[in-house]
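Asker: Take the given structure of chain A and dock chains B, C and D to it, following the hints.
4 protein chains.
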Amino acid sequence: MAAVLRGSRNLLGRSLKHVDFTLVSSRSMASKTQVGFIGLGNMGKPMAKNLLKHGYPVIATDVFPESCKELQELGAQIVDNPAEVADQADRIVTMLPSSPNVIEVYTGPNGILKKVKKGSLLIDSSTIDPAVSKEMAVATEKMGAVFMDAPVSGGVGAASSGKLTFMVGGVEEEFTAAQELLTCMGANVVYCGAVGTGQAAKICNNMLLAIGMIGTSETMNLGIRLGLDPKLLAKILNMSSGRCWSSDTYNPVPGVMEGVPSGNGYQGGFGTQLMAKVLTVLCTTSGDGRELMSVAPLQDLGLAQTTATNTKTPVPLGSLAHQIYRMMCARGYAGKDFSSVFQFLREDEEEGQ
Amino acid sequence: MAAVLRGSRNLLGRSLKHVDFTLVSSRSMASKTQVGFIGLGNMGKPMAKNLLKHGYPVIATDVFPESCKELQELGAQIVDNPAEVADQADRIVTMLPSSPNVIEVYTGPNGILKKVKKGSLLIDSSTIDPAVSKEMAVATEKMGAVFMDAPVSGGVGAASSGKLTFMVGGVEEEFTAAQELLTCMGANVVYCGAVGTGQAAKICNNMLLAIGMIGTSETMNLGIRLGLDPKLLAKILNMSSGRCWSSDTYNPVPGVMEGVPSGNGYQGGFGTQLMAKVLTVLCTTSGDGRELMSVAPLQDLGLAQTTATNTKTPVPLGSLAHQIYRMMCARGYAGKDFSSVFQFLREDEEEGQ
Amino acid sequence: MAAVLRGSRNLLGRSLKHVDFTLVSSRSMASKTQVGFIGLGNMGKPMAKNLLKHGYPVIATDVFPESCKELQELGAQIVDNPAEVADQADRIVTMLPSSPNVIEVYTGPNGILKKVKKGSLLIDSSTIDPAVSKEMAVATEKMGAVFMDAPVSGGVGAASSGKLTFMVGGVEEEFTAAQELLTCMGANVVYCGAVGTGQAAKICNNMLLAIGMIGTSETMNLGIRLGLDPKLLAKILNMSSGRCWSSDTYNPVPGVMEGVPSGNGYQGGFGTQLMAKVLTVLCTTSGDGRELMSVAPLQDLGLAQTTATNTKTPVPLGSLAHQIYRMMCARGYAGKDFSSVFQFLREDEEEGQ
Amino acid sequence: MAAVLRGSRNLLGRSLKHVDFTLVSSRSMASKTQVGFIGLGNMGKPMAKNLLKHGYPVIATDVFPESCKELQELGAQIVDNPAEVADQADRIVTMLPSSPNVIEVYTGPNGILKKVKKGSLLIDSSTIDPAVSKEMAVATEKMGAVFMDAPVSGGVGAASSGKLTFMVGGVEEEFTAAQELLTCMGANVVYCGAVGTGQAAKICNNMLLAIGMIGTSETMNLGIRLGLDPKLLAKILNMSSGRCWSSDTYNPVPGVMEGVPSGNGYQGGFGTQLMAKVLTVLCTTSGDGRELMSVAPLQDLGLAQTTATNTKTPVPLGSLAHQIYRMMCARGYAGKDFSSVFQFLREDEEEGQ
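Residue numbers (my numbering), protein chains in the order written: chain A, 7 to 359; chain B, 7 to 359; chain C, 7 to 359; chain D, 7 to 359.
For reference, chain A alone in the conformation it holds in the complex:
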């Protein structure tokens, strides 16, 4: 499958008029010059390492100084805050836990935008609300720079081995420049459309993933109760219309597959709590709850026009999946892999008495 897909052009906003493309072009040619990296957590650190490995000088920062040590030893320059990164690098990747962190890192007192150079390329790989991505894009554009959202699919393992999938939203003309950096860290770099569509694609995939995983768990559980051998049932599903990633690649039933969390007490993998969090973003996005952004205080940043693309799409199964992951968090499954929903739904011999 082609690693790079291109979406429809008609989603591109009219918002590019302030950007100086001469500057932009000169920057994106300048390969192997310094790349900024902000957020050196479980995901960010191996991603930054892969940039170093590909020969890019890295200048990085993180709120926790100890997170920076390893990268410093590998040759990265560590600075105090995002503004200083922006002062030196004209290509910056951010990998942060949630929307407020992204807003802080971009628009805070020591944020990127305080020192960003005209023509810089800012790539945000955090998983956040698409509406926030849009707002950051507008704020960035006002400074004469370019913002792209590029959330990832794949966990810590894929981050380490450089096998992440990046879903990229932003001005199509800048996609090649983003791709140059992202291919150092990922196996697939997919262009999704205007700013925010990278996040949208990520959220959509996660919603369907959650539904498929719970559905597979219910189905395997029911089949076992009806007398089917779990391995055989998995095989039948996988050659039939019930087939899905959760049944054929990440089966939640212990013993059906090797090398997946279900075979290892649901340790590692993608935590239930994290899945619940991503589904919360979805819930907010699918509703009209983001109405808040079109208000006065943010108008000073010029964000008023970008009001959230709120939808009112019914997502009954997505919403119930969200609630089930919340119930699991409340019942002690927060730290287990999200495939442990199989265990949650299964009658516990002891407890079930």
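Any given hint might turn out to be false.
Because identical chains share one entry, a pair is satisfied inside a single copy or across any pair of copies.
Said to hold, decoys possible - Quick list of in silico lysine-lysine cross-link-like pairs, BS3-like style, CA-CA up to 27 Å: (1) 318 to 241; (2) 237 to 318; (3) 59 to 237; (4) 169 to 120; (5) 59 to 148; (6) 120 to 59; (7) 121 to 75; (8) 59 to 169; (9) 75 to 120; (10) 121 to 148.
Derived from the structure by calculation, the hints contain no laboratory data.
Answerer: The following block gives chains B, C and D in isolation, referenced to the frame of chain A:
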């Protein structure tokens, strides 16, 4: 993929003691002798035709005489009722709409069991409650014959082209004999385990299919609202963990794929009403609602010991999928393909005002 | 509120033609003659005691001989089986755990119908599928007797104090006769319509009760998290449109009310498992899963015409409530009061880590 | 029931230190001085009229000048914007459609806070996110004034007749002052606790209301299908544990009650779309989606410390109720009363074919 899979042997019941295997063996050797076929509806007729095409003399019956005409013209012998079929053929395939029809055709006044020969092989391809399959198996065994459940996956098209998948439950020793006939009508013949497990596998697959289809529809709908191109979104899902049969083979969004009902106004395919019905079987099976079978009147048929294998498995998404298909039936979608849930969830421009 | 309500007459079946009303009348006049009672469990025993207390001679039986002791000491006559009860009493009350028990007690080898006298009045207070009630009514009518379904609302406490509510289905002409006995055991005796409508009313009430209880628990839990005092929140709900029985009479939050299971570690009350079971009856009833009854073997009992009143009503919240109670059973809540769903949804401090 | 209830004191924040209670006291004594009113929509206009009726001089404004006419004719003074209202009145009531309007009216360029006098009492009766209420409270406090949230229960009718219920959150010492005004417009004024708890109580009530209404509709629908007379079923529920406001006060089945929207083609009442909107607030509140408020741009308003009281409470039925109301909006029910869910779930004779 190997067309024939074998399940665990330990599911086999103890119930074979009365069967005369000498007779059984002599029958299953007797290839190309007459095969009985009961139920010549949309599915049954093309299945029976495929038996004729493979050189088997067919003796058939149906409650609607007009259904028999075409088959008669192709050389099949038509008789009045199931008992007469059983009087002449020692291998019989049944393809009926629901549990009561199966019970009637087997145990009714003119039912198969009134005239079944010792050692006959009775294969039921109807989609029914696994508990009913078990009861028919016990009643059949009492007459010295063998019962197997072999529901199919695949629609009228697959029935015509002989590409059905059969999920077979019953005594493993008889599987080869069943396979001989079923391979004339299907591309995959999968052995699932003891009697009832064929039905169980079918129900499980359908539940996960329903969940996957509604989940895919919600996801595509949400993605489109968030500004993603539907074809691009489908491609991204299909290369990621959201992938499922409904996204990559039977996409519910008009224009994403060719040759599927979404491209044709949701005509043809697998009806919403039928999906709702299959999910009702599931709902009954997943509960303890089949308690009724262990009662006095049925004891005369020796069915008391076979009480339903009822489970109490929680199936929250399966159950909500069921309710959504019911709501659709109530709102005019009964006759459309089950992928029309995409349309149901989407805001109707006119109505949504 | 009037204790006795009358429903619409137009629901009455055409099935009364065989009943000899002369006999019926003579029986129902014969007050204070022997009354039969079958099923002396937690509910049945105090009900039978109340009949004794009102001066009725009681002749009783139960599958567990030890259940009969206490009643025998109070003066009841104990016999071996339902047939012997029917041989002596022409008014019989049954109080049994589930449909199969009712069918066995009525139509089994030692069942009531083997010896029932013409004109007898058979009142079944068990909670079962309305379709089974209808079948029992037809079978009873064939013997020249009358069947009424009269399930109860209220638990062991109400049974002991004679404060049950009876929901009665059956021939309206017989309601007065049934009422004579039922008012000894209950505070409200409500006529609901044709046979089966007593069960239907009971099921409907339980479904709404389950929804209200889970809804109240979610709401109280959310309010507490938002900083509201639980007692105050309950008061506000109870003076507003959120008011329901679960919020104002049986509040699930410990400390809000006295004398309810939430104040006592969710001991006693109405068990989660029992609620799950009643909702399963509902699920079966709301679907078309009861198709089985219209089949051959039962035709010998003349039951074919009474095919289940199956509906295909969407019950999305009812169905999800059912699944939640099943999940609770799987997670160790089976024996707790059904209001413990508050605890199930609440984050457990220890577990939630 | 006492019209005024008091909540727990321990919820009061530490945030009062800047307020000059001397000024506050002097203001709240000054009865019958001018009262400001902002937002003269369907609800606001009759509320303001009731203030006039009780002898309070009213100074008002609305973005739509035509909304002000009627009030002007009744003697109210109309000014251009919220700042001008604040310039003249030290007690102001706001009644606005949603969070962004409230933020604009308070913190916008012509907002209340631009001219608010020290010691003023600002009462917001809009239904908004509790987190926004808290933020407005902090911003108000910074100006030396007092903010209380006081959302209402009851529709246009109750607003006209002065029978609203107010749920009030804010500093307890100020409750008496708020009560003086609110009792002119409502029959019940309930003190709920710290700022935001009025909104919390309102949201909780609406969630349970939505669940109760859908549950009642499912139940009535099922009962009717099972042969029960709807009026009789309502009576039975209302004397049993299924009882709720939707069954006994606002029954959704046409013909069961008079004077409710179900008797009038579901016209009037509380619109489905509005219910969907309120449930969206709930969904956002019950999640962690409001994380956005703790960010840089808002720090200028001193709002950083008040980050949303986000909870992660599972609300499975509340969430499904939300989705059902969304589906209804997508299927043409947006403008009908929320009790029309009965109609939505019921098989349409024509459509259901």
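Asker: The structure should be examined with respect to each hint, and the outcome stated for every one.
Answerer: Outcome of the hint check:
In this homomeric assembly, residue 318 and residue 241 come within 27 Å of each other (Cα to Cα) only across copies, at 24 Å, whereas the closest approach inside a single copy is 38 Å. Taking the shortest Cα distances, residue 237 and residue 318 sit within 27 Å of each other only across copies (21 Å), while inside one copy they are farther apart (40 Å). Taking CA atoms no more than 27 Å apart as the test, residue 59 paired with residue 237 passes in neither setting, with 41 Å inside one copy and 35 Å between copies. Taking CA atoms no more than 27 Å apart as the test, residue 169 paired with residue 120 passes in neither setting, with 33 Å inside one copy and 53 Å between copies.
For the homomeric pair residue 59 and residue 148, neither the shortest alpha-carbon distance inside one copy (33 Å) nor that between copies (52 Å) is at most 27 Å. In the homo-oligomer, the alpha carbons of residue 120 and residue 59 never lie at most 27 Å apart, since the shortest distance is 29 Å inside one protomer and 55 Å across protomers. Only within a single protomer do residue 121 and residue 75 lie at most 27 Å apart by alpha-carbon distance; the minimum there is 25 Å, versus 52 Å between protomers. Only within a single protomer do residue 59 and residue 169 lie at most 27 Å apart by alpha-carbon distance; the minimum there is 14 Å, versus 51 Å between protomers.
For the identical chains of this complex, residue 75 and residue 120 are intra-copy neighbours only, at 26 Å inside a copy versus 48 Å across copies, given an alpha-carbon limit of 27 Å. In this assembly of identical chains, residue 121 and residue 148 lie within 27 Å of each other by CA distance solely inside one copy; the values are 13 Å within and 31 Å between copies.
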